[in-house]
Amino acid sequence: MLKRIKPHSDENWRYRTGDIVVDSTEATGRAIVKYILSGRFPETDKVDVSFLEAAWTLQLWHLILYAEQALVWNLKPTNVVAIATYGFFNSHAWLVWASAQYLKFHLDLVNSTDQEWKNLPPKYLQILIREMRYKFEPCLLPTISNSSGN
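For the sequence shown, full-length UniProt numbering gives the first residue as 1, with consecutive numbering after it.
Fair warning: there could be bad hints in the mix.
Restraint-style ranges between C-beta atoms, simulated for each label pair [to be verified]:
1) R40 x F105: 29 to 39 Å
2) E26 x F105: 17 to 27 Å
3) L37 x F105: 34 to 44 Å
4) T44 x A93: 34 to 44 Å
5) T25 x W94: 22 to 32 Å
6) Q69 x F105: 15 to 25 Å
7) L37 x L65: 16 to 26 Å
8) H62 x S91: 17 to 27 Å
9) H62 x N90: 14 to 24 Å
10) F105 x S38: 35 to 45 Å
Source of the hints: derived by calculation from the structure; they are not laboratory data.
If you're wondering where the values come from, they're calculated on a predicted model, not measured in any experiment.
Think of the CB as a built atom: it goes at the ideal place given N, C-alpha and C, for glycine as much as any other residue.
All chains, please: the whole structure from these sequences, using the hints.
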């Protein structure tokens, strides 16, 4: 049986038997507790990487799938690196693939005035390109080369 949880009382809250402790923000805690008690998914704008981490820790599989889909549909220059990095280091290949697709189709936004894109670490772009090449075919990302022709 579920115990009543007060996510707003502390950033560390316990789930069910008290074995699992999740570090979360107040908003994440409230959204997950609401899902546990009512079965209603949170609004997509409240889903972020920390929300996905909390759902994964609690092994709420339907919520994990929902969170992954929400993250993919809400990709933007400000969160694509965080989502791709989380996906790469936690074996969520779909998140990495979606981030790579987003980067591929939005590379034309990269210019000297766009701070989010300007600060995108090349290391993560290389990780995404490698992930696309080896796990998903065909690779839709452009090949990085030194030649200017093509």
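Hints versus structure:
| no. | hint | verdict |
| --- | --- | --- |
| 1 | R40 x F105: 29 to 39 Å | holds (32 Å) |
| 2 | E26 x F105: 17 to 27 Å | violated (35 Å) |
| 3 | L37 x F105: 34 to 44 Å | holds (39 Å) |
| 4 | T44 x A93: 34 to 44 Å | violated (21 Å) |
| 5 | T25 x W94: 22 to 32 Å | holds (24 Å) |
| 6 | Q69 x F105: 15 to 25 Å | holds (18 Å) |
| 7 | L37 x L65: 16 to 26 Å | holds (19 Å) |
| 8 | H62 x S91: 17 to 27 Å | holds (19 Å) |
| 9 | H62 x N90: 14 to 24 Å | holds (18 Å) |
| 10 | F105 x S38: 35 to 45 Å | holds (37 Å) |
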